[in-house]
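Asks: Place chain B with the ligand on chain A using the hints.
Line by line, the protein sequences give chains A and B. Here this note's numbering is used: the first sequence runs in plain steps of one and ends on residue 812. Here this note's numbering is used: the second sequence runs in plain steps of one and ends on residue 669.
Worth flagging that the hints you see were computed from the coordinates, not collected in a lab. Accuracy of the hints is not assured; some may be wrong.
Claimed, not checked - Some chain A residues judged to face chain B by a derived CB distance under 8 Å, without partners named:
#, residue
1, L746
2, P749
3, F752
4, V753
5, K756
6, E760
7, Y774
8, H788
Glycine included, C-beta positions come from ideal geometry on N, C-alpha and C.
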Amino acid sequence: MEDLRPDKKIDIRGLVCPYTFVKSKLAIEDMEVGEVLEILLDYEEAARNVPKSMQEHGHTVLKVEKVNDKDWIIVVRKEHD
Amino acid sequence: MEFTDEQIHRYSRHIILPEVGGKGQKRILQSRVLIVGAGGLGCPVGYYLAAAGVGTIGIVDSDTIELSNLQRQIAHNTERLGMPKADSAKLTFEALNPDVTVIPIKERLNKDNILDIIRDYDIVVDGSDNFPTRYLVNDACVLTGKPLVSGAILRFEGQVTTILPRDGHCYRCLFEEPPPPGLVPSCQEAGVLGALPGVIGALQAMEVLKLILQKGEPLKNQLLIYNALTTSFRKVRVPRRSDCPVCGDSPTITELHDYEAEYCQMRF
Ligand SMILES: [Zn+2]
Numbered sequence: 732m733e734d735l736r737p738d739k740k741i742d743i744r745g746l747v748c749p750y751t752f753v754k755s756k757l758a759i760e761d762m763e764v765g766e767v768l769e770i771l772l773d774y775e776e777a778a779r780n781v782p783k784s785m786q787e788h789g790h791t792v793l794k795v796e797k798v799n800d801k802d803w804i805i806v807v808r809k810e811h812d
Numbered sequence: 402m403e404f405t406d407e408q409i410h411r412y413s414r415h416i417i418l419p420e421v422g423g424k425g426q427k428r429i430l431q432s433r434v435l436i437v438g439a440g441g442l443g444c445p446v447g448y449y450l451a452a453a454g455v456g457t458i459g460i461v462d463s464d465t466i467e468l469s470n471l472q473r474q475i476a477h478n479t480e481r482l483g484m485p486k487a488d489s490a491k492l493t494f495e496a497l498n499p500d501v502t503v504i505p506i507k508e509r510l511n512k513d514n515i516l517d518i519i520r521d522y523d524i525v526v527d528g529s530d531n532f533p534t535r536y537l538v539n540d541a542c543v544l545t546g547k548p549l550v551s552g553a554i555l556r557f558e559g560q561v562t563t564i565l566p567r568d569g570h571c572y573r574c575l576f577e578e579p580p581p582p583g584l585v586p587s588c589q590e591a592g593v594l595g596a597l598p599g600v601i602g603a604l605q606a607m608e609v610l611k612l613i614l615q616k617g618e619p620l621k622n623q624l625l626i627y628n629a630l631t632t633s634f635r636k637v638r639v640p641r642r643s644d645c646p647v648c649g650d651s652p653t654i655t656e657l658h659d660y661e662a663e664y665c666q667m668r669f
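Chain A with its partners taken away, still in its complex shape:
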């Protein structure tokens, strides 16, 4: 089982692309390798793009889940500095 307990959470509801990814990336840069970031967002396109970009940057997307009518939660593990 993957450990999904986040070491850090950010709430970027209200932001659109590319700032969703910019904010997520800045958050993960400040974390240690192996730590887990939980991102709460409400922009549908970002629910697809943020996980894709995180993977392209070499991190592992552990979860993408729609949690209600508007919001998604994305969980990412930092793999490298």
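Replies: Structure of chain B with the ligand alone, referenced to chain A:
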């Protein structure tokens, strides 16, 4: 430092690049770059470095703006005729990006002032328009171990090279001495098509950003030559010469030298 919301927006296209990120952008904001010349090359170099967020930009130029400059020196404008170029560059670059502090240095570089001027900077960019300054800047950077991004333009051709003292070649490895004044084109012959300094200056700005970010391969031990008429780029290998008078194994130039400025003042 933490980014403001405005900075996150301003630099978002940098931050999303894996090679830059927030860390790289902070390096850019903390960097200090000296540009020699606020002319054809210095204008685009400074413009792009200011846009990128280089925190401190020194700009050395003792000239004032003339109408004939405006065909290519894009940081200046018609309303500013007669204004010192260094002051005009400060107005333009700081208006583009308030994160940037531009330090105008309205002096002509010589062997007595150059070391004090370059001391405060991480990287030097040469966009000067004459051989005495070009050699003086080269020698000062080699003697102090300062990275130098050098550019030159004439008519339809431009050159760029990055000098990392003792790690690669220097300008004197390429041409040991300035050419005799008679071989330098006279004023009438020294035309330049207006967009050429834009091409070469943008290449210089890119070299500077790569050095700040420590990404990619700097243009060391190489001279990049651009021909506008044929739209061609070629690279010439320029190895460091062990007998170079300034960066060689037993240098003969160990202090700075002012060349007689007998040259036509080509205002690039
Ligand atoms: Zn040399």
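Asks: All hints, please: hold or fail.
Replies: Do the hints match the structure? See the list:
For A:L746, the shortest C-beta to C-beta distance to chain B is roughly 10 Å, which exceeds 8 Å, and the interface hint is violated. With its C-beta approaching chain B no nearer than about 6 Å, A:P749 sits inside the 8 Å limit, and its interface hint holds. Look at A:F752: its Cβ gets to within about 6 Å of chain B, closer than 8 Å, so that hint holds up. The interface hint given for A:V753 holds, since its Cβ lies 5 Å from the closest Cβ of chain B, which is under the 8 Å cut-off.
Taken as an interface hint, A:K756 checks out: its beta carbon lies about 6 Å from the nearest beta carbon of chain B, inside 8 Å. Because the closest C-beta pair between A:E760 and chain B is about 5 Å apart, less than 8 Å, the hint holds. The beta carbon of A:Y774 is not positioned within 8 Å of any beta carbon in chain B (closest approach about 15 Å), and the interface hint is therefore violated. The closest approach between the C-beta of A:H788 and any C-beta of chain B is roughly 5 Å, which is under the 8 Å cut-off, so the hint is satisfied.
Comparing the model with each numbered hint stated earlier shows that hints 1, 7 do not hold.
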